[in-house]
Amino acid sequence: MSNTPQQQAGEPAEQNQIDSYRRKLLGGGAAIAGAAALGPGVFFTSVARAKPADQAVSSEVRWGFLIDANKCADNCDKCVTACNDEHNLTGFGRPETDAQWIRAVTLRDRKTGHTTKLPMMCQHCAHPPCVDVCPTGASFKRADGIVLVDKHICIGCRYCMMACPYKARSFVHETITNQQEYSPRGKGTVESCTLCVHRVDKGEIPACAEACPEKAILFGNLNDPGSDISQRMATEASTEVRGDLRLDLGVRYQGI
Amino acid sequence: MKPTTFREIDGTSKGYYVLLGLLGLILAAGLGSAYYMEHNGHWVTGMNNQIVWGMPHVFAVFLIVAASGALNVASISSVFGKTSYKPLAPLSGLLAIALLIGGLMVLVLDLGRPDRLIVAMTYYNFKSIFAWNMILYNGFLAIVIIYLWTMMQRKMNKYSKVAGFFAFIWRLALTIGTGSIFGFIVARQYYDAAIMAPMFVVMSFSFGLAFMLIVLLATYQWTGREIGSHIVSRLQRLQGLFVAAVLLFVVIFHLTNLYATQHHGVENFILAGDNIYSGLFWVGYLLLGTVFPLIICYAPAFRASIGWTAAAAVMVIAGGLSQMYMIIIGGQAYPMDLFPGKDVSSSFYDGVVASYAPSAPEVALGLGGTAVTFIAVMIAIKVLRFLPLSLANSQTDPHYSAEER
Ligand code: SF4
Ligand code: SF4
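Chain order of the listed sequences is E and F.
Going by our numbering, the first sequence opens with residue 1, and the numbers climb by one from there.
Going by our numbering, the second sequence opens with residue 1, and the numbers climb by one from there.
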């Protein structure tokens, strides 16, 4: 808990500052050289620092969420609906087999009776058990920390579902029609929250974070000490779910 | 001891064809079920997003574990030089291969995308125990085939000890690998235990020998070949020993779990819960699969009885399947403890015991794999010389002398 994300990633703070200085310099150069050609969303200064389409994903960024359970309103499921709409996760009216990438979880303290509500999704672990166990390498982690499933090489063994400590994954139990082209899905493969990579790569924020009326879900770059998310984490208490597993999660919670 | 003569079985009787036909029907039902499940998607099975591994995995893991154990008799004869078992070594190798093929068939046909088997064979993530297992399984098949060749081809006989030793090491690795599939799952309370791997090794001894006994006794009974009291009572006591060894591991496993407060919930659930898993543990595993076979294997009244020994073997298999169901399904049914000290609820079944009812196609697929095993054995012993003409005491007992009879 006392570790800041960049310390966990093993980079000393000064190093990071130098890097960020260098980035600004390069960013400035690029801006002068061809801002028009590169189009919007490429400046390295935005909160959700975007990745130009022609640039490889970089480990300079680590995307993550800071979720404030205190802000999460009762009876609200706007993040869940937004995710379902974004990825076309239309169910078949069979809750046991329908996919859920994000779910609202209610906690009730057994001793005090105090209740809390929070959204739960793939925690985008830095050491993801799902990736470790996947026999084909279909489950993988991008350099920017986003954990994804390559639907073309997933054989549907479900070992990743056995191994994920957060129940974050769903198996596609039936034939799927009209899926979104940016979010491919397929019967017989496993899927989970993609952190809306298709949006993030364009410099936008994930659909759930955007939809939350209470701003309970903050998205940002955990590796940038200047980002809102890092600043908040540095000054306010937050915690990982099942931190005992030491998976170094991309998602942290407040108020639990 | 007289030298052993190996002979194919006749395999022309009506009984042989009826049995083969029956097994063929079961296999057809299994294949049909697999197609039905793939075609419609897995929602037609009892499996869901909470219980992701179901009945097919119970059968598959059981058969795979038994496969390595079936090789035991051969190992004992080649590696540990126990001559009594030597005449049985080829059958032991054959059964090991047949069980592995049956188990793998079930595993592969249950995949979400069995059509991508080639992907599984060409893309390897070497950090995955599963990927390692695929190498272990394929290697096992190759090594046991070579081992059989050294046993059955006279001029290769001199290599059979080396091959047997290698196969023995490999089979240990294979079961440890299979056990580790569960042992390495830190996420789930019931699995996260290193003892799973050695426990699977002793389970393999027991299940493998049980299959061996059933095949052996049935074949000798039905073909009218002689099988003597010496080998029967030896195998019988060996079975008893293995059953006792599994019991020991099970006791240690549960005692360690009961010691840690954090595991009380799941132990309670498995051992004393108002659910099928507790029943499977006490009645299926303990009474049927352990206590009864132990009595049959050790009580003098049943000594060397072919019928009772076969019955004990069937019970060991029934108990083993119960145990496997309890481990695989029970371990998933118990809710994961994401927020210790809190009651949890959600639309995704957080905090509640997951429900699972095996569907007919799943069971059919599992039985289909088992049928493959027996079909393979039946055909192999008809075309190749796997079985000794006689297993009379004169063939198996190194201290045999005519007067004793
Ligand atoms: S939360 Fe689960 S699915 Fe997501 S990265 Fe971690 S182990 Fe994988
Ligand atoms: S289901 Fe797919 S992603 Fe999951 S472990 Fe198997 S192959 Fe990998």
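Everything labelled a hint here was simulated from the structure, so no lab data went into it.
Just to be clear, a hint being listed does not mean it is correct.
As the list claims (entries may be wrong) - With a cut-off of at most 35 angstroms between alpha-carbon atoms, the simulated DSBU-like pairs for lysine-lysine come out as follows: (1) E/Lys141 <-> F/Lys14; (2) F/Lys127 <-> E/Lys202; (3) F/Lys127 <-> E/Lys215; (4) E/Lys151 <-> F/Lys127; (5) E/Lys71 <-> F/Lys127; (6) F/Lys2 <-> E/Lys141; (7) F/Lys342 <-> E/Lys111.
Comparing the hints with the structure gives:
A C-alpha spacing of about 59 angstroms is found between E/Lys141 and F/Lys14, which places the hinted pair above 35 angstroms, so the restraint is violated. A C-alpha spacing of about 32 angstroms is found between F/Lys127 and E/Lys202, which places the hinted pair at or below 35 angstroms, so the restraint holds. Straight-line distance between C-alpha atoms of F/Lys127 and E/Lys215 comes to about 39 angstroms, which puts the hinted pair past the 35 angstroms bound. Taking the CA atoms of E/Lys151 and F/Lys127, the gap is about 20 angstroms. The hint holds against a cut of 35 angstroms.
Proximity of E/Lys71 to F/Lys127 is assessed by CA-CA distance (about 40 angstroms); at most 35 angstroms being required, the pair is judged violated. Among the hinted pairs, F/Lys2 with E/Lys141 is inconsistent with the structure: their alpha-carbon atoms are about 63 angstroms apart, more than 35 angstroms. Using a Cα cut-off of 35 angstroms, the hinted pair F/Lys342 and E/Lys111 holds, with the two alpha carbons roughly 8 angstroms apart.
Of the numbered hints stated above, those contradicted by the structure are hints 1, 3, 5 and 6, listed in ascending order.
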